[in-house]
Amino acid sequence: MTARTPTASRARRLLALLPYLTQGATIPLTKLAENVSSTVPEVIRDLTTLTMCGVPPFTPDEMIDLAIDEEYVTVYAAPPALDRPLRLSPREARALVAALEATGHGSDDPLVAKLLDAASSGFDLDDFVATLRAGEKGVGIAGIYATLAEAIDSHKKVRIAYFTASRGSHSTRVIQPHSLVNERGVWYVNALCENAEGPRTFRLDRIRDAVLTTESFDAPPEASTEILPATAGLPVATLRLAPGAPHTEERDWPGATFTIKPNGAVFADVPYVSASWVARRVAAGLGMIDAISTDEVRAAVRQVAEAELRELPRSPAQA
Amino acid sequence: MIDSSERLVNLALYLASVRHAVTAEDCRAAGLGYPDDQDDAAFIRMFERDKEALRAAGIAIVVDEDERYRVDPEATFSTQVTLTADEAATLRTSAAALSGDESFPFAADLSIALAKLGQGSGASSIAVSALSDEDPHIQGSSAGIIAEAIAARKLVSFDYTNARGESRHHEVAPYGLFFREGRWYMVALDTGIGRIRVYALARAAELQTNPSSPKTPDFERPRGFSVDDYSLLPFQYGPEETEAVVRFSPEDAWRAQRLTGGRGTLEEQDDGSALWRVAMGEPRALAAWCIENGPGITPLEPDTVVMTARLGLKEVLARHDR
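Going down the list, the sequences are from chains A and B.
Going letter by letter, the first sequence gives residues 1 to 319 in the numbering used here.
Going letter by letter, the second sequence gives residues 1 to 322 in the numbering used here.
Hints listed in this document are in silico derivations from the structure and should not be mistaken for laboratory results.
Just so it is clear, CB atoms sit at the ideal spot from N, CA and C, and this is done for glycine as well.
Each hint should be verified, as a subset may be incorrect.
[What the hints assert, rightly or not] Mimicking DSS-like on lysine-lysine, the simulated pairs with C-alpha atoms at most 30 Å apart in a straight line are:
id, chain 1, residue 1, chain 2, residue 2
1, A, Lys157, A, Lys137
2, A, Lys114, B, Lys314
3, B, Lys51, B, Lys215
4, B, Lys51, A, Lys261
5, A, Lys114, A, Lys137
6, A, Lys137, A, Lys156
[Unchecked claim] Restraint-style ranges between C-beta atoms, simulated for each label pair:
id, chain 1, residue 1, chain 2, residue 2, range
7, B, Thr82, A, Pro220, 53 to 59 Å
8, B, Glu48, A, Thr259, 55 to 61 Å
9, B, Gly192, A, Pro235, 48 to 54 Å
10, A, Ile292, B, Gly192, 33 to 39 Å
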């Protein structure tokens, strides 16, 4: 048996529940389930098992005594030991550091140090750093993520300085953040943008600064966790991708439909909100991606290519 | 016979509540749930497995020279962690997102960790994650297997289909694991060719950790190995190994840190721009990277990158002439 077996995993969950069962407490099952990242039926099963547990001689006063109904658990006799939170095992510490790394917190982040100092045992952080990377290093979004997470929690508006890649423009906006979404390692925030007077999705790595305001907002009953706009009704650009071109996979063009011709040429029909976004990618293909249509996208491609050409040093000496 | 998880909890409570260290035989006789009809050898095996499971749960069981066991409270219980509002929110939302993401290989351990910290997620409606959008379950479980093999230093075998569609069986010593743009990658020494290679786990099948002697390492990782040396930007893979210089305009200099991912060196200039010196393997890929992440990002050196960008952009203009 190892920590990976169902029995050992369940035992870990049961042990994690023990510190919550303080003598005389009546705890909502939903709250308990939330605390241990579980479901109410699972928590009921676990609590029922715990009522069979105790220490020798296993007389009623040496057993955990709980009353469980549909909504609450009442603790008549608390666990006879292990009534404080356990330290994190190396595996649990690894999971925590990896999760924080995925939210932009490097292994040298003060939050990581604080948690490991207080709560872990036997975890080799140097070994972790040498062998595992769950997120981009030095992306610098940890502070942005923390501000937005707190704002979502406290329903406070946030002022952001944002780089809009599709237009290449910088702006300051006030947003009401609703949800955080990670897709393929990139974090986005879904929000109501007060400047745009509508829902918008912002990439966290394009937010230069995020400042929590004191102004509150009413959270929507259900926050959207979709980051792609509905493609129905959007204009569709048709692209031809040469073999060896960048971005030749369907996953690179959200919502696109790919067709492979007998000669190996790949055509992609790409629904788009911003012609500039498609144009920049086409230009980055350096001649290996052609925008067949639309005229709007073709014009945007010319615009991007001309602007980029102007920026290049004219000769090595000018560099 | 009682449920195995009940026996484990009873053993944990017993070891944590006894005043003096106890022997394995004491535990057997204490009515914790070990079968009465079990022979000595079977009991010892079960007791060893139970201790291992409790240690994996974070309970520090120490043994003295007389083979007596007790729980070390200092190593077992965490101290109070006081978190600021943004730290608590960060923990809760990241846990909510990643513990529900089947492509995150440590989801189950993360849930337990957060429960121990009293920061259970309960925020699934406001934070979601899909690290991998292709075969997320397979990638997540493969990454989990590799992470364990790296920790235990066990060899792994698998079938691998490369980008050209060619399949081959490999045996490797896994050294590192990293995530990049929706995919988990393993850095490993391929024992067949004696070289370190990077494998996309989405392309690996039939992953199997060497089952023999699970507690005995099969290999030693080279001293100084760092997974970061293999987690490169797209233009860093390639035949040319040279230093490139890229300029971030004053308006875009703040984006440099976000985009460069800690690679190379960034120098702030007097005009507010930033110069990025970074290793490059493929000029065309660097030229493409600058355009794709622009505007405001311009390759300056080497000449091959500037020329490639210029010729490529002229070709783009020719192909998109009115």
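Taking the hints in turn, this is what the structure says about them:
Between Lys157 (chain A) and Lys137 (chain A) the alpha-carbon distance is near 28 Å, which keeps this suggested pair within the 30 Å criterion. Annotation: proposed proximity of Lys114 (chain A) to Lys314 (chain B) is violated, straight-line Cα distance about 53 Å (limit 30 Å). A C-alpha spacing of about 15 Å is found between Lys51 (chain B) and Lys215 (chain B), which places the hinted pair at or below 30 Å, so the restraint holds. As the CA atoms of Lys51 (chain B) and Lys261 (chain A) are separated by approximately 61 Å, the hinted pair breaks the 30 Å bound.
Straight-line distance between C-alpha atoms of Lys114 (chain A) and Lys137 (chain A) comes to about 19 Å, which keeps the hinted pair within the 30 Å bound. A C-alpha spacing of about 29 Å is found between Lys137 (chain A) and Lys156 (chain A), which places the hinted pair at or below 30 Å, so the restraint holds. Checked against the hint of 53 to 59 Å, the pair Thr82 (chain B) and Pro220 (chain A) fails, with Cβ atoms roughly 31 Å apart. Checked against the hint of 55 to 61 Å, the C-beta distance between Glu48 (chain B) and Thr259 (chain A) comes to roughly 60 Å, which is consistent with it.
In this structure the hint that Gly192 (chain B) and Pro235 (chain A) lie 48 to 54 Å apart at CB holds, the actual value being about 50 Å. At roughly 45 Å, the beta carbons of Ile292 (chain A) and Gly192 (chain B) sit outside the given window of 33 to 39 Å.
The structure fails hints 2, 4, 7, 10 (numbered hints given earlier, in ascending order).
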